[in-house]
Amino acid sequence: MAVTNVVLVHGAFADGSCWNRVIPLLSGKGLNPVAVQNPLSSLADDVRAAQRVIDQQSAPVLLVGHSWGGAVITEAGNHSKVAGLVYVAAGAPDSGQSFGAWWDGYEPAPGAAEIRPYGDGYVALTREGVHKDFVQDLDAADADLIYATQGPLATRCFEDAISTAAWRSKPSWYVVAEDDRTISPAVERDSAVRLGATTLSLDSGHVPMLSQPEKVADFIAEAAAGL
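Anchor point for the sequence shown: position 207 equals 193 in my numbering, and the numbering is continuous, going up by one each time.
What the hints contain is simulated information worked out from the structure, not anything from laboratory work. Note that beta-carbon positions come from the ideal geometry of N, C-alpha and C, so glycine has one too. Mixed in with the good hints, there may be bad ones.
What the hints assert, rightly or not - Below, in silico cross-link-like pairs of lysine-lysine (DSSO-like), each with a Cα-Cα straight-line distance of 30 Å or less: (1) K156 to K15; (2) K67 to K201; (3) K118 to K156; (4) K156 to K67; (5) K118 to K67; (6) K15 to K201; (7) K156 to K201.
Unchecked claim - Cβ pair distances, simulated, as ranges: (8) K118 to R175: 21 to 31 Å; (9) G182 to A134: 34 to 44 Å; (10) Y108 to S44: 14 to 24 Å; (11) E208 to S155: 29 to 39 Å.
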């Protein structure tokens, strides 16, 4: 039976509005999308935020995560209502692995140099980092808005380890952003293979749900239909 409930989990330097261009497309396909608002304060806190939304769904859920949100769905995806996982240019750590360890050993993406301290224990992207490395395939006005509304990330999130990786036991899908300047496309491609995920490669920057929402929405809908 196809799943109709889709829970969308944003990543670092963002909020639930990053799914604004995908949500109406999913609704138009007969799906029931809802976005989580992560506090971005720790893996455990963000997992609890996702679980609260999952708990409110009356039927099985397709859980979708972007960027840091991939680590969140990797843990939150163990919820009994979660039927499958979709990673959108997202982290996919293994059991016992942190988000930081997941991309360790890969050449850092250019955007890493634009992550700067933002108060005690938090980091955020510079304006240049947002424009050139985070949403470089959006226009300047959209990039300015994303910079102004970004959600700073607690640095501890890079080290918080996954207990049990949900992708080990549940079907997964992966969107690889081939022009990503925030997460190396190489780690995304390798992760998709490791997960055995159905994969979509897009010539996009780090936020394909904003730059190519139709293709991302179609992929999510295909995943939901396949469950």
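Here is what the structure says about each hint:
1. In summary, the hint linking K156 to K15 is supported, as the alpha carbons are separated by about 23 Å, within the 30 Å threshold.
2. About 26 Å separates the Cα atoms of K67 and K201, which keeps this hinted pair within 30 Å; it holds.
3. Between K118 and K156, the direct Cα distance comes to roughly 35 Å. Violation of the 30 Å bound is thereby established for this hinted pair.
4. Only pairs whose Cα atoms come within 30 Å are accepted, and K156 paired with K67 is accepted, the gap being roughly 11 Å.
5. For a cut-off of 30 Å, the pair hint linking K118 to K67 is broken: about 38 Å separates their Cα positions.
6. Between K15 and K201 the CA atoms are separated by roughly 13 Å; this keeps the pair inside 30 Å, and the hint holds.
7. Distance restraint check for K156 and K201: the Cα-Cα separation of roughly 23 Å lies within the 30 Å cut-off, and the hinted pair is therefore satisfied.
8. For K118 and R175, the hinted distance range of 21 to 31 Å is satisfied, since their beta carbons lie about 22 Å from each other.
9. Evaluation of the 34 to 44 Å hint for G182 and A134 yields a pass: the beta carbon distance comes to about 39 Å.
10. Between Y108 and S44 the C-beta distance comes to about 36 Å, which lies outside the given range of 14 to 24 Å.
11. As the Cβ distance of E208 to S155 is approximately 21 Å, the hint placing it in 29 to 39 Å is violated.
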